[in-house]
Amino acid sequence: MKTSPIFTSRLVLFLATLSALGAGIGGSPERASATPDPVAQRDSSKDHEAQIESLIQGWFAVLEDPNVEAKTLSGLLAEAPFELLLDGAVIHDRGALLAWASSLRSTYPQIEYRLDPIHIHAEGGDRYRVRFEFDRHALDDAGLPHVVRREHTWIVQSSTSETPVILRIEERPLIFFPGTGSQIVCY
Amino acid sequence: MQTRDRVPQGMIATLLIAMCSLLVASSGQLINSEGQAGSEKPLPIHDDVGGEFSAPSSLGRDVSLSEFRDKVVLLFFGYTSCQDVCPATLAHLQALVRDLGKASDGVQVLLVTVDPENDTADHLEQYLARFDTRFVGLTGTRKEVDRIANLFMVKHDRSHGIEVSNEYNRAKTFTDHSYLYSHSQQIYLLDKAGRTRALFFTGSPLEEMQDAVIALLNE
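Heads up: the sequence lines are chains B and X, in that order.
Read in numbering that gives the first Met the number 0, the first sequence has 82 at position 83, and its numbers run on one by one without any break.
Read in numbering that gives the first Met the number 0, the second sequence has 51 at position 52, and its numbers run on one by one without any break.
No lab work stands behind these hints, which were simulated from the structure alone.
One or more hints might be untrue.
Stated by the list, open to error - One side of the interface only, derived from the structure: several residues of chain B facing chain X at Cβ under 8 Å:
{"#": "1", "residue": "Gln56"}
{"#": "2", "residue": "Tyr112"}
{"#": "3", "residue": "Arg113"}
{"#": "4", "residue": "Pro172"}
{"#": "5", "residue": "Ile174"}
Said to hold, decoys possible - The list that follows gives simulated cross-link-like pairs (lysine to aspartate or glutamate, DMTMM-like), each with its CA atoms no further than 25 Å apart:
{"#": "6", "chain 1": "X", "residue 1": "Lys101", "chain 2": "X", "residue 2": "Glu207"}
{"#": "7", "chain 1": "X", "residue 1": "Lys40", "chain 2": "B", "residue 2": "Asp134"}
{"#": "8", "chain 1": "X", "residue 1": "Lys142", "chain 2": "X", "residue 2": "Glu66"}
{"#": "9", "chain 1": "X", "residue 1": "Lys40", "chain 2": "B", "residue 2": "Asp64"}
{"#": "10", "chain 1": "X", "residue 1": "Lys154", "chain 2": "B", "residue 2": "Glu150"}
{"#": "11", "chain 1": "X", "residue 1": "Lys70", "chain 2": "B", "residue 2": "Asp139"}
{"#": "12", "chain 1": "X", "residue 1": "Lys70", "chain 2": "X", "residue 2": "Glu143"}
{"#": "13", "chain 1": "X", "residue 1": "Lys154", "chain 2": "B", "residue 2": "Glu169"}
{"#": "14", "chain 1": "X", "residue 1": "Lys101", "chain 2": "X", "residue 2": "Glu206"}
{"#": "15", "chain 1": "X", "residue 1": "Lys142", "chain 2": "B", "residue 2": "Asp86"}
{"#": "16", "chain 1": "X", "residue 1": "Lys40", "chain 2": "B", "residue 2": "Asp139"}
{"#": "17", "chain 1": "X", "residue 1": "Lys40", "chain 2": "B", "residue 2": "Asp140"}
{"#": "18", "chain 1": "X", "residue 1": "Lys191", "chain 2": "B", "residue 2": "Asp139"}
{"#": "19", "chain 1": "X", "residue 1": "Lys101", "chain 2": "X", "residue 2": "Asp210"}
{"#": "20", "chain 1": "X", "residue 1": "Lys154", "chain 2": "B", "residue 2": "Asp115"}
{"#": "21", "chain 1": "X", "residue 1": "Lys191", "chain 2": "X", "residue 2": "Glu66"}
{"#": "22", "chain 1": "X", "residue 1": "Lys154", "chain 2": "B", "residue 2": "Glu170"}
{"#": "23", "chain 1": "X", "residue 1": "Lys191", "chain 2": "B", "residue 2": "Asp140"}
{"#": "24", "chain 1": "B", "residue 1": "Lys45", "chain 2": "B", "residue 2": "Glu132"}
As the list claims (entries may be wrong) - Covered stretches of chain B (chain X as the covering partner; in silico rule of three or more C-beta atoms under 8 Å from a C-beta of chain X):
{"#": "25", "segment": "58-64"}
{"#": "26", "segment": "114-125"}
{"#": "27", "segment": "143-150"}
The C-beta atom is built at its ideal place from N, Cα and C for all residues, glycine as well.
Make a model of the complete structure from these sequences and hints.
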C-alpha cells in the first residue's frame, strides 16, 4: 500500500491549517466600522475560499490515506444536522459515515482522487455552495483499476471565527469518458 | 489527491514530480491520465456505468445481460428508423466481429432500441439480420428501455418538426408522423462479468477496439 508524498504533504498542510484555525477561535477582534470596507470584504472572501478549499482537500486526503483514521472525517462536519448523499446512501450520523468510509477502504486498498477546479459561491450569511467534479481511481485487492467520475455539491458553513464545516454533500455520478456527453441526432 | 488547476512551479518541482512518477511506475501501480494502467495493465472497471438488465429481445424471448456472462459484450443504443449513424455503427461492429474471426464466438453485440414503440422484437430481428444474424436487439416498454438507458447514462429524446438547414436535409420530407431521435452514441464494451470496461464510437479505430475485446476475452 502506497501513500504519495504529495498526498501526505497536503494532508499535513490541511491538518496544520485546521489546528491553526482552531487555535484562533475567538482570538481575532472584529473591525469596528459602520460601512463595509470593500478591500477587507474581498480579503475575507478569499480567506473563506482558501479555508473551504482546504476543507475539501482535507476530506479527500483522509479518504486517500489509510494511515489516517476515518473518524477524522467527523471533525469536518457540522455538529448537527448534516446530510451526506454518497454512493447512493443517505448519511445523517457519524456512525454511518465511519461505516461508509471503512467500507470504501476495505473495498479499495489504494485510492486516488483527481479534483477538477473548485467553484465556490456565497449563498448569503455564512453559507457557501461549492461545486466540483472529480475522478476516483482505485485499485481493488486483485489489482484491477476502478474508475468513477462524479460531481459533488457541498453546502459549507464558514464564518470568520470558526473553522468551516460541512452541512451537506450531494454526489452525482457522471460519465467519465472524454467527449461522451454529446448526443447525435439520427435522421 | 490531485487538483487539476495546479501547475508545477519551477524545475525542481517538475523533477520531483517526474521522480515520484518514475518511482510509482516502477512499482507497477501507476494509473495513467486515461484511467488505464498502461498497455500491460487491465482495462479499468467503470463502476458507475452499467448493471444487470432484462428485456424482450429479437430472439423472441426476454434476455438478460447475465446470459452473456461468458462473453464480451458490445452494447449500443439506437433505433431502426435511423438512416445514418445507427447503421454506420452497426456496420462498424459488423466489421469488428468479422475481423475477429473465430474469436468472435466469444463476443456478443447488443442493440438496445431507444424507439420501442416502433422497434418490435420481430422488427429488430429483421433489421439486425442485415448486419449479422448473431446480433441481438432489445426492446420492451418505454419504462424498460429507459431503465437500461439510465443504467448506462444514455440520453435520448424524440423530436418532431426538427428544423433543417442544409441541402441534404431540405430534400427530406417530414410529415406529422415522422420523428427523429437524438441519443448518446457510445459503444460500451462490457467484460465477461458484465462490467463496463471501455467506451468507443463509430469512428473508433477497429484495431483499438479489437485489442480491447481480445484483452477482455483473455481475462
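Comparing the hints with the structure gives:
Interface restraint check: Gln56 (chain B) against chain X, minimum CB-CB distance 6 Å, threshold 8 Å, status holds. A hinted interface residue such as Tyr112 (chain B) counts as satisfied when its beta carbon comes closer than 8 Å to some beta carbon of chain X; here the least separation is about 4 Å, so the hint holds. Restraint check, Arg113 (chain B) versus chain X: the minimum CB separation of about 5 Å is within 8 Å; hint holds. Interface hint at Pro172 (chain B): satisfied, since its Cβ lies 4 Å from the closest Cβ of chain X, which is below the 8 Å cut-off.
With its C-beta approaching chain X no nearer than about 5 Å, Ile174 (chain B) sits inside the 8 Å limit, and its interface hint holds. Between the alpha carbons of Lys101 (chain X) and Glu207 (chain X) the distance comes to roughly 18 Å, so the proposed pair stays at or under 25 Å and holds. Distance hint between Lys40 (chain X) and Asp134 (chain B) is fulfilled; the C-alpha atoms sit about 19 Å from each other, no more than 25 Å. As the CA atoms of Lys142 (chain X) and Glu66 (chain X) are separated by approximately 21 Å, the hinted pair is consistent with the 25 Å bound.
The suggested pairing of Lys40 (chain X) with Asp64 (chain B) holds, with an alpha-carbon distance near 24 Å, which does not exceed 25 Å. Between the alpha carbons of Lys154 (chain X) and Glu150 (chain B) the distance comes to roughly 18 Å, so the proposed pair stays at or under 25 Å and holds. Using a Cα cut-off of 25 Å, the hinted pair Lys70 (chain X) and Asp139 (chain B) holds, with the two alpha carbons roughly 23 Å apart. At roughly 23 Å between alpha-carbon atoms, Lys70 (chain X) and Glu143 (chain X) fall within 25 Å of each other, so this suggested pair holds.
With a CA separation close to 22 Å, the supplied pair Lys154 (chain X) and Glu169 (chain B) stays within the 25 Å bound. Taken as a hint, the Lys101 (chain X) and Glu206 (chain X) pair is honoured in the structure, with Cα atoms around 16 Å apart against an allowance of 25 Å. Among the hinted pairs, Lys142 (chain X) with Asp86 (chain B) is consistent with the structure: their alpha-carbon atoms are about 24 Å apart, no more than 25 Å. Restraint check for Lys40 (chain X) and Asp139 (chain B): satisfied, since their Cα atoms lie roughly 13 Å apart, inside the 25 Å limit.
Among the hinted pairs, Lys40 (chain X) with Asp140 (chain B) is consistent with the structure: their alpha-carbon atoms are about 15 Å apart, no more than 25 Å. As the CA atoms of Lys191 (chain X) and Asp139 (chain B) are separated by approximately 18 Å, the hinted pair is consistent with the 25 Å bound. The straight-line distance between the Cα atoms of Lys101 (chain X) and Asp210 (chain X) is roughly 15 Å, inside the 25 Å bound, and the hint therefore holds. Between Lys154 (chain X) and Asp115 (chain B), the direct Cα distance comes to roughly 24 Å. Compliance with the 25 Å bound is thereby established for this hinted pair.
Proximity of Lys191 (chain X) to Glu66 (chain X) is assessed by CA-CA distance (about 10 Å); at most 25 Å being required, the pair is judged to hold. Simply put, Lys154 (chain X) and Glu170 (chain B) have alpha-carbon atoms about 19 Å apart, close enough for the 25 Å limit, and the pair holds. Of the pairs offered as hints, the one joining Lys191 (chain X) and Asp140 (chain B) holds, with about 19 Å between alpha carbons and a cut-off of 25 Å not exceeded. A C-alpha spacing of about 21 Å is found between Lys45 (chain B) and Glu132 (chain B), which places the hinted pair at or below 25 Å, so the restraint holds.
Evaluation of the coverage hint for the segment 58-64 of chain B: fulfilled, as 3 residues show C-beta separations to chain X shorter than 8 Å, against a requirement of three. Counting residues of the segment 114-125 of chain B whose C-beta sits closer than 8 Å to any C-beta of chain X gives 4, which meets the bar of three, so the coverage hint holds. Closer than 8 Å: that is the beta-carbon criterion, and the segment 143-150 of chain B has 7 residues meeting it against chain X, so the requirement of 3 holds.
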